[in-house]
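Dock chain B against chain A, hints included.
2 protein chains.
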Amino acid sequence: MTTTRSAGVSEELEPHGRSAKKRRAILDAATEVFLQKGYLATNMDEIAALAAVSKQTVYKNFPSKETLFVEIVSSVTNRASDRVHTEMPDLAEGEDVAEYLRRYAYRQLTTVLTPRVMQLRRLVIGEVGRFPELAKALFDGGPGRAIAAMAVLFERLADHGLLAIDDPAVAASQFNWLIMGEPLNRVMLLGDDAIPKPAALRRHAAAGVRVFLASYGK
Amino acid sequence: MTTTRSAGVSEELEPHGRSAKKRRAILDAATEVFLQKGYLATNMDEIAALAAVSKQTVYKNFPSKETLFVEIVSSVTNRASDRVHTEMPDLAEGEDVAEYLRRYAYRQLTTVLTPRVMQLRRLVIGEVGRFPELAKALFDGGPGRAIAAMAVLFERLADHGLLAIDDPAVAASQFNWLIMGEPLNRVMLLGDDAIPKPAALRRHAAAGVRVFLASYGK
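So the protein sequences, as listed, match chains A and B.
With the first letter of the first sequence counted as 1, position 8 gets the number 84 in my numbering; the numbers rise by one all the way through.
With the first letter of the second sequence counted as 1, position 106 gets the number 182 in my numbering; the numbers rise by one all the way through.
Warning: the hint list may mix true and false statements.
Heads up, the list lumps identical chains together, so a pair's fine if it works in one copy or across two of them.
[What the hints assert, rightly or not] With a Cα cut of at most 25 Å, we get these calculated DMTMM-like pairs of lysine to aspartate or glutamate: (1) 273 to 243; (2) 113 to 203; (3) 273 to 216; (4) 294 to 166; (5) 113 to 209; (6) 273 to 242; (7) 212 to 268; (8) 141 to 203; (9) 131 to 104; (10) 141 to 104; (11) 113 to 142; (12) 294 to 242; (13) 273 to 209; (14) 98 to 158; (15) 141 to 121; (16) 141 to 122; (17) 141 to 209.
Derived from the structure by calculation, the hints contain no laboratory data.
One chain only, chain A, in its complex shape:
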């Protein structure tokens, strides 16, 4: 959808633009209310009020509180995954694979270890018993997607003779948890103030990459 095209059909697109804006306002309001009150205590009236739309508009966009929450989880986790995996530039010509993996790991750490993602993850984990679908959405869109993307990357690096990997899925999962495990556990349990500073994250990423490459480097 280019600017030229939308300029030509502005009358058709403007109502669509308005409803997209409303949809966005509902999602933002809902995220705020869910994170503040928890899943169970949140109701659609409050979300409508905060988004400044009618309750009918909320229901027209999201038939239930659950679909709304699944949409939030998917959009937050997918946005984070995209930032790490889709938008991560390829290995530069002549760049060291260790340096590349350190950059990759650091990018993943700083994207996932944010108060918003961490709060959402805590909320979802606390509700696994009652609402397993929410956690399934987070599992698929978050770590599941991240590890699948990493497996593709590692296979490509192996094809280029830069890694020696027999099972890319296993290697990707190991890389992921070498990098994410320690700080994720810390922040999940000790709260957002425990998010490590950039220098500590870089040291942590470097140590994880060193272990990974001792096994899978050339």
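Coordinates of chain B only, in the frame set by chain A:
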């Protein structure tokens, strides 16, 4: 406290034995109610009723719902840690270090990945915002204690020339998350039915140990 000794002081010990029994009944009842209803919805009356003691007895043992819950978290996580770390037999004479680490990893996996520990961890994570002390107790008694014990073990193995480790704390954390990260995340998000079968856990442990030893083996 041997049988002989307690037989000799039975009059003194019996009341103590009764109150220890009551304390245990309160803890068991509380664990059940907390896991079923969540932290916030649990009240002391229900715990007293289920434990078949008076509410005063509950309060005499645990001045608040919070101290009661911290006690549960500490006792469950400490019992799990002890099983893995304190009770794990030393490397047998002539035993391969790889085989030993696979046993260690498997023991840790099967001890931590139980419905009770997982449900408690989910409950605690869901309440980090409101009750940070609960999560702190789980962090210290669970992964914190596990990784500290592992660091001591790795240092001993290094002293015996079986591992080459410069920073035992870093190596222990890496080992822990290579082993625990993937299945813990899976079970936390997908529920207790996602606890892997023994054969899958053994394969997973072996793959993690292989990567660890590529970096730290001799």
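Broken hints, by number: When the structure is compared with the hints, none of them turns out to be violated.
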